[in-house]
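Trainee: Sequence:
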Amino acid sequence: MRLRLDLGYDGTDFSGWAAQPGRRTVEGVLSDALTTLLRAPEPVRLTVAGRTDAGVHARGQVAHADVDDTAYLAVPGRSDRSPEQAAITRLAGILPPDVVVHRVCRAPDGFDARFSATSRRYRYRIADAGAVHDPLRRRDTVWLRDTLDVAAMDAAAGQLLGLGDFAAFCKRREGATTVRTLLAFMWTRDVESGVVEATVVADAFCHSMVRALVGAVVPVGLGRRDPEWPRQVQLAGIRDPRVLVMPAHGLSLEEVSYPPDADLAARALEARARREEIAGPGARHTGD
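Numbering (the working numbering), first residue to last: 1 to 288.
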(Lines of atoms letter the chains of each structure in order from A and count residues from 1; the text may use other names and numbers.)
(Lines give C-alpha, C1' and ligand atoms only; values in the text may rest on other atoms or scores of the structure.)
Protein backbone atom coordinates (compact mmCIF):
# COMPACT_ATOMS: atom_id res chain seq x y z
CA MET A 1 0.00 0.00 0.00
CA ARG A 2 1.33 3.43 -0.93
CA LEU A 3 0.75 6.18 1.62
CA ARG A 4 0.88 9.91 0.99
CA LEU A 5 2.15 12.03 3.87
CA ASP A 6 1.78 15.82 4.06
CA LEU A 7 4.11 17.37 6.61
CA GLY A 8 5.93 20.42 7.84
CA TYR A 9 9.11 20.97 9.81
CA ASP A 10 11.41 23.54 11.34
CA GLY A 11 14.68 22.81 9.55
CA THR A 12 16.91 24.63 12.05
CA ASP A 13 18.21 21.56 13.83
CA PHE A 14 18.25 19.19 10.83
CA SER A 15 21.04 18.40 8.37
CA GLY A 16 18.48 18.62 5.58
CA TRP A 17 15.91 16.11 4.39
CA ALA A 18 18.06 13.25 3.10
CA ALA A 19 19.18 10.55 5.53
CA GLN A 20 22.90 10.72 6.35
CA PRO A 21 24.89 8.46 8.68
CA GLY A 22 25.49 10.08 12.04
CA ARG A 23 23.37 13.15 11.26
CA ARG A 24 19.88 14.19 12.31
CA THR A 25 17.74 14.51 9.18
CA VAL A 26 14.02 14.86 8.51
CA GLU A 27 13.96 11.68 6.46
CA GLY A 28 15.74 9.75 9.19
CA VAL A 29 13.42 10.98 11.95
CA LEU A 30 10.26 10.34 9.91
CA SER A 31 11.43 6.92 8.74
CA ASP A 32 12.15 5.91 12.33
CA ALA A 33 8.69 7.09 13.42
CA LEU A 34 6.90 5.19 10.64
CA THR A 35 8.96 2.08 11.31
CA THR A 36 7.92 2.23 14.97
CA LEU A 37 4.29 2.97 14.14
CA LEU A 38 4.00 0.04 11.73
CA ARG A 39 6.32 -2.28 13.68
CA ALA A 40 8.10 -2.84 10.41
CA PRO A 41 10.95 -5.36 10.33
CA GLU A 42 13.02 -2.99 8.16
CA PRO A 43 13.22 0.82 8.03
CA VAL A 44 10.38 2.40 6.05
CA ARG A 45 11.74 4.06 2.93
CA LEU A 46 10.45 7.45 1.82
CA THR A 47 10.28 9.34 -1.48
CA VAL A 48 9.94 13.11 -1.13
CA ALA A 49 8.80 15.94 -3.40
CA GLY A 50 11.66 18.29 -2.48
CA ARG A 51 14.97 17.30 -0.84
CA THR A 52 15.46 20.42 1.29
CA ASP A 53 18.95 21.42 2.40
CA ALA A 54 20.22 21.81 5.95
CA GLY A 55 18.37 24.59 7.76
CA VAL A 56 15.58 24.94 5.18
CA HIS A 57 12.03 24.72 6.52
CA ALA A 58 8.82 23.27 5.08
CA ARG A 59 5.11 23.85 5.55
CA GLY A 60 3.91 21.93 2.52
CA GLN A 61 6.29 19.01 2.07
CA VAL A 62 4.91 15.79 0.55
CA ALA A 63 6.34 12.28 0.72
CA HIS A 64 5.19 8.76 -0.02
CA ALA A 65 6.02 5.39 1.49
CA ASP A 66 5.15 1.86 0.39
CA VAL A 67 4.07 -0.07 3.49
CA ASP A 68 2.53 -3.39 4.44
CA ASP A 69 -1.24 -2.97 4.19
CA THR A 70 -1.98 -5.31 7.12
CA ALA A 71 0.31 -3.35 9.41
CA TYR A 72 -1.26 -0.06 8.33
CA LEU A 73 -4.82 -1.28 8.87
CA ALA A 74 -3.81 -2.40 12.37
CA VAL A 75 -2.67 1.11 13.41
CA PRO A 76 -6.01 2.06 15.11
CA GLY A 77 -5.80 -0.99 17.40
CA ARG A 78 -9.06 -1.35 19.34
CA SER A 79 -10.22 2.21 18.71
CA ASP A 80 -12.92 3.12 16.19
CA ARG A 81 -10.67 5.63 14.42
CA SER A 82 -9.71 5.22 10.79
CA PRO A 83 -6.09 4.25 10.06
CA GLU A 84 -5.56 7.76 8.69
CA GLN A 85 -6.79 9.43 11.88
CA ALA A 86 -4.93 7.03 14.12
CA ALA A 87 -1.70 7.42 12.18
CA ILE A 88 -1.69 11.20 12.61
CA THR A 89 -2.38 10.97 16.35
CA ARG A 90 0.19 8.26 16.98
CA LEU A 91 2.87 9.92 14.86
CA ALA A 92 2.39 13.11 16.87
CA GLY A 93 3.34 11.10 19.95
CA ILE A 94 6.44 9.61 18.32
CA LEU A 95 7.85 12.50 16.31
CA PRO A 96 9.86 15.36 17.85
CA PRO A 97 8.11 18.75 18.03
CA ASP A 98 9.97 20.16 15.02
CA VAL A 99 8.28 17.72 12.63
CA VAL A 100 4.49 17.53 12.20
CA VAL A 101 2.59 15.21 9.88
CA HIS A 102 -0.64 16.98 8.90
CA ARG A 103 -2.22 14.25 6.80
CA VAL A 104 -1.82 10.56 6.06
CA CYS A 105 -3.89 8.89 3.35
CA ARG A 106 -3.83 6.12 0.80
CA ALA A 107 -2.16 7.50 -2.30
CA PRO A 108 -4.21 7.42 -5.53
CA ASP A 109 -3.10 4.99 -8.22
CA GLY A 110 -0.04 6.27 -10.04
CA PHE A 111 0.96 8.76 -7.34
CA ASP A 112 4.66 9.51 -6.91
CA ALA A 113 5.53 12.31 -4.48
CA ARG A 114 8.53 13.31 -6.57
CA PHE A 115 7.71 12.65 -10.20
CA SER A 116 3.95 13.30 -10.16
CA ALA A 117 4.47 16.85 -8.88
CA THR A 118 3.86 19.66 -11.36
CA SER A 119 5.42 22.44 -9.29
CA ARG A 120 7.03 23.40 -5.99
CA ARG A 121 6.49 26.77 -4.34
CA TYR A 122 9.08 28.29 -2.01
CA ARG A 123 9.07 31.47 0.06
CA TYR A 124 12.09 33.50 1.20
CA ARG A 125 11.79 36.10 3.99
CA ILE A 126 14.08 39.10 4.54
CA ALA A 127 13.68 41.77 7.21
CA ASP A 128 15.58 44.82 5.96
CA ALA A 129 15.94 48.27 7.55
CA GLY A 130 12.32 49.03 6.69
CA ALA A 131 10.91 45.96 8.44
CA VAL A 132 10.19 44.83 11.97
CA HIS A 133 13.01 42.58 13.22
CA ASP A 134 10.83 40.19 15.16
CA PRO A 135 12.95 37.94 17.43
CA LEU A 136 10.16 35.34 17.39
CA ARG A 137 10.71 34.95 13.62
CA ARG A 138 14.51 34.89 13.71
CA ARG A 139 14.57 31.21 12.70
CA ASP A 140 12.76 31.78 9.40
CA THR A 141 13.74 35.34 8.48
CA VAL A 142 17.08 36.79 7.35
CA TRP A 143 17.93 40.20 8.81
CA LEU A 144 19.61 42.96 6.77
CA ARG A 145 20.72 46.39 7.95
CA ASP A 146 20.14 48.09 4.58
CA THR A 147 16.91 48.94 2.77
CA LEU A 148 15.84 46.90 -0.26
CA ASP A 149 14.24 48.32 -3.40
CA VAL A 150 11.47 45.75 -3.86
CA ALA A 151 10.30 47.12 -7.22
CA ALA A 152 13.78 46.77 -8.71
CA MET A 153 14.09 43.23 -7.33
CA ASP A 154 10.74 42.25 -8.76
CA ALA A 155 11.71 43.62 -12.18
CA ALA A 156 14.98 41.68 -12.13
CA ALA A 157 13.29 38.46 -11.04
CA GLY A 158 10.71 38.66 -13.81
CA GLN A 159 13.43 38.46 -16.46
CA LEU A 160 14.34 34.93 -15.34
CA LEU A 161 10.93 33.32 -15.91
CA GLY A 162 10.35 30.46 -18.30
CA LEU A 163 12.12 27.31 -19.48
CA GLY A 164 15.88 27.63 -19.31
CA ASP A 165 19.19 26.35 -18.09
CA PHE A 166 19.77 27.50 -14.50
CA ALA A 167 23.32 26.14 -14.23
CA ALA A 168 24.47 29.60 -13.10
CA PHE A 169 22.35 29.23 -9.97
CA CYS A 170 22.90 25.54 -9.18
CA LYS A 171 25.58 23.45 -7.55
CA ARG A 172 26.30 20.91 -10.25
CA ARG A 173 25.86 17.23 -9.49
CA GLU A 174 26.95 14.50 -11.85
CA GLY A 175 24.00 13.12 -13.80
CA ALA A 176 21.64 15.92 -12.73
CA THR A 177 20.08 18.34 -15.21
CA THR A 178 19.99 22.09 -14.55
CA VAL A 179 17.18 22.76 -17.03
CA ARG A 180 14.05 23.96 -15.24
CA THR A 181 10.87 25.92 -15.90
CA LEU A 182 10.66 28.91 -13.55
CA LEU A 183 6.92 29.55 -13.31
CA ALA A 184 6.93 32.49 -10.88
CA PHE A 185 9.53 34.67 -9.18
CA MET A 186 8.12 37.77 -7.48
CA TRP A 187 8.96 40.09 -4.60
CA THR A 188 6.55 41.88 -2.26
CA ARG A 189 6.72 43.77 1.04
CA ASP A 190 4.25 42.85 3.76
CA VAL A 191 2.15 45.86 4.69
CA GLU A 192 2.11 45.24 8.45
CA SER A 193 5.57 43.86 9.22
CA GLY A 194 7.50 45.37 6.33
CA VAL A 195 9.17 42.01 5.72
CA VAL A 196 10.25 41.46 2.12
CA GLU A 197 9.14 38.11 0.70
CA ALA A 198 10.09 36.25 -2.45
CA THR A 199 7.73 33.69 -3.97
CA VAL A 200 9.55 31.23 -6.22
CA VAL A 201 7.70 28.52 -8.18
CA ALA A 202 9.17 26.00 -10.64
CA ASP A 203 8.47 22.54 -11.97
CA ALA A 204 11.49 21.43 -9.94
CA PHE A 205 14.65 22.92 -8.42
CA CYS A 206 18.28 21.88 -8.52
CA HIS A 207 20.63 22.04 -5.56
CA SER A 208 20.76 25.52 -3.90
CA MET A 209 18.85 27.06 -6.83
CA VAL A 210 16.30 29.10 -4.85
CA ARG A 211 18.85 30.61 -2.49
CA ALA A 212 21.16 31.46 -5.41
CA LEU A 213 18.28 33.10 -7.32
CA VAL A 214 17.51 35.19 -4.25
CA GLY A 215 21.21 35.95 -3.85
CA ALA A 216 21.39 37.21 -7.43
CA VAL A 217 18.47 39.60 -6.96
CA VAL A 218 19.29 41.02 -3.52
CA PRO A 219 22.25 43.08 -4.87
CA VAL A 220 19.77 44.68 -7.28
CA GLY A 221 17.60 45.66 -4.32
CA LEU A 222 20.65 47.12 -2.58
CA GLY A 223 21.51 49.24 -5.64
CA ARG A 224 24.76 47.39 -6.30
CA ARG A 225 23.64 45.75 -9.55
CA ASP A 226 21.36 46.68 -12.43
CA PRO A 227 18.04 44.82 -12.82
CA GLU A 228 19.45 43.15 -15.97
CA TRP A 229 22.40 41.60 -14.12
CA PRO A 230 20.73 38.36 -12.88
CA ARG A 231 19.62 37.59 -16.43
CA GLN A 232 23.14 38.19 -17.70
CA VAL A 233 24.46 35.79 -15.08
CA GLN A 234 21.98 33.15 -16.20
CA LEU A 235 22.91 33.51 -19.87
CA ALA A 236 26.60 33.02 -19.01
CA GLY A 237 25.70 29.47 -17.97
CA ILE A 238 28.34 29.06 -15.24
CA ARG A 239 28.41 29.65 -11.51
CA ASP A 240 29.32 33.27 -10.82
CA PRO A 241 31.28 33.83 -7.57
CA ARG A 242 29.56 37.22 -7.27
CA VAL A 243 26.21 35.47 -6.66
CA LEU A 244 25.79 34.89 -2.95
CA VAL A 245 23.88 31.78 -1.90
CA MET A 246 21.58 33.22 0.77
CA PRO A 247 21.29 31.71 4.27
CA ALA A 248 19.14 28.59 4.49
CA HIS A 249 16.94 29.66 7.39
CA GLY A 250 15.06 32.28 5.33
CA LEU A 251 13.69 29.61 3.00
CA SER A 252 10.57 27.47 3.34
CA LEU A 253 8.91 24.96 1.03
CA GLU A 254 5.31 26.15 1.09
CA GLU A 255 3.43 23.95 -1.39
CA VAL A 256 3.78 21.04 -3.82
CA SER A 257 1.17 20.85 -6.58
CA TYR A 258 -0.12 17.74 -8.35
CA PRO A 259 -2.44 17.14 -11.32
CA PRO A 260 -5.87 15.48 -10.96
CA ASP A 261 -5.71 11.85 -9.77
CA ALA A 262 -6.43 10.51 -13.25
CA ASP A 263 -3.29 12.23 -14.57
CA LEU A 264 -0.82 11.28 -11.81
CA ALA A 265 0.71 8.25 -13.49
CA ALA A 266 1.07 10.00 -16.84
CA ARG A 267 2.71 12.99 -15.19
CA ALA A 268 5.21 10.72 -13.40
CA LEU A 269 6.11 8.95 -16.63
CA GLU A 270 6.51 12.26 -18.43
CA ALA A 271 8.77 13.70 -15.73
CA ARG A 272 10.99 10.62 -15.62
CA ALA A 273 11.30 10.49 -19.41
CA ARG A 274 12.13 14.19 -19.71
CA ARG A 275 14.79 14.00 -16.97
CA GLU A 276 16.46 11.01 -18.63
CA GLU A 277 16.28 12.57 -22.09
CA ILE A 278 18.00 15.73 -20.88
CA ALA A 279 20.57 14.28 -18.51
CA GLY A 280 20.60 10.51 -18.93
CA PRO A 281 19.11 7.73 -16.81
CA GLY A 282 21.10 8.76 -13.73
CA ALA A 283 19.42 12.17 -13.50
CA ARG A 284 18.18 13.05 -10.04
CA HIS A 285 15.92 15.69 -8.59
CA THR A 286 17.49 17.68 -5.81
CA GLY A 287 15.67 20.31 -3.81
CA ASP A 288 16.84 23.49 -2.17
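Because the hints were derived from the structure by calculation, they are not lab data. Every residue, glycine too, gets a C-beta built ideally from N, C-alpha and C. Any given hint might turn out to be false.
[As the list claims (entries may be wrong)] Pair ranges (Cβ atoms, derived):
{"hint": "1", "residue 1": "Gly162", "residue 2": "Pro21", "range": "34 to 44 Å"}
{"hint": "2", "residue 1": "Arg78", "residue 2": "Ala129", "range": "28 to 38 Å"}
{"hint": "3", "residue 1": "Arg242", "residue 2": "Asp165", "range": "11 to 21 Å"}
{"hint": "4", "residue 1": "Gly194", "residue 2": "Glu84", "range": "35 to 45 Å"}
{"hint": "5", "residue 1": "Glu255", "residue 2": "Lys171", "range": "16 to 26 Å"}
[What the hints assert, rightly or not] Within a straight-line C-alpha distance of at most 25 Å, the following computed SDA-like cross-link-like pairs (lysine to any residue) qualify:
{"hint": "6", "residue 1": "Lys171", "residue 2": "Gly215"}
{"hint": "7", "residue 1": "Lys171", "residue 2": "Glu42"}
{"hint": "8", "residue 1": "Lys171", "residue 2": "Leu160"}
Trainee: The structure should be examined with respect to each hint, and the outcome stated for every one.
Mentor: Cross-check of the supplied hints:
At roughly 40 Å, the beta carbons of Gly162 and Pro21 sit within the given window of 34 to 44 Å. At about 59 Å, the CB distance of Arg78 to Ala129 disagrees with the hint of 28 to 38 Å. Between Arg242 and Asp165 the beta carbon distance is about 19 Å. The supplied range of 11 to 21 Å therefore holds. In this structure the hint that Gly194 and Glu84 lie 35 to 45 Å apart at CB holds, the actual value being about 41 Å.
Between Glu255 and Lys171 the CB atoms are about 24 Å apart, so this pair conforms to the stated range of 16 to 26 Å. Simply put, Lys171 and Gly215 have alpha-carbon atoms about 14 Å apart, close enough for the 25 Å limit, and the pair holds. The straight-line distance between the Cα atoms of Lys171 and Glu42 is roughly 33 Å, outside the 25 Å bound, and the hint therefore fails. A distance of roughly 18 Å separates the Cα atoms of Lys171 and Leu160; the hinted pair therefore holds under the 25 Å criterion.
When held up to the earlier numbered hints, the structure conflicts with 2 and 7 and fits the remainder.
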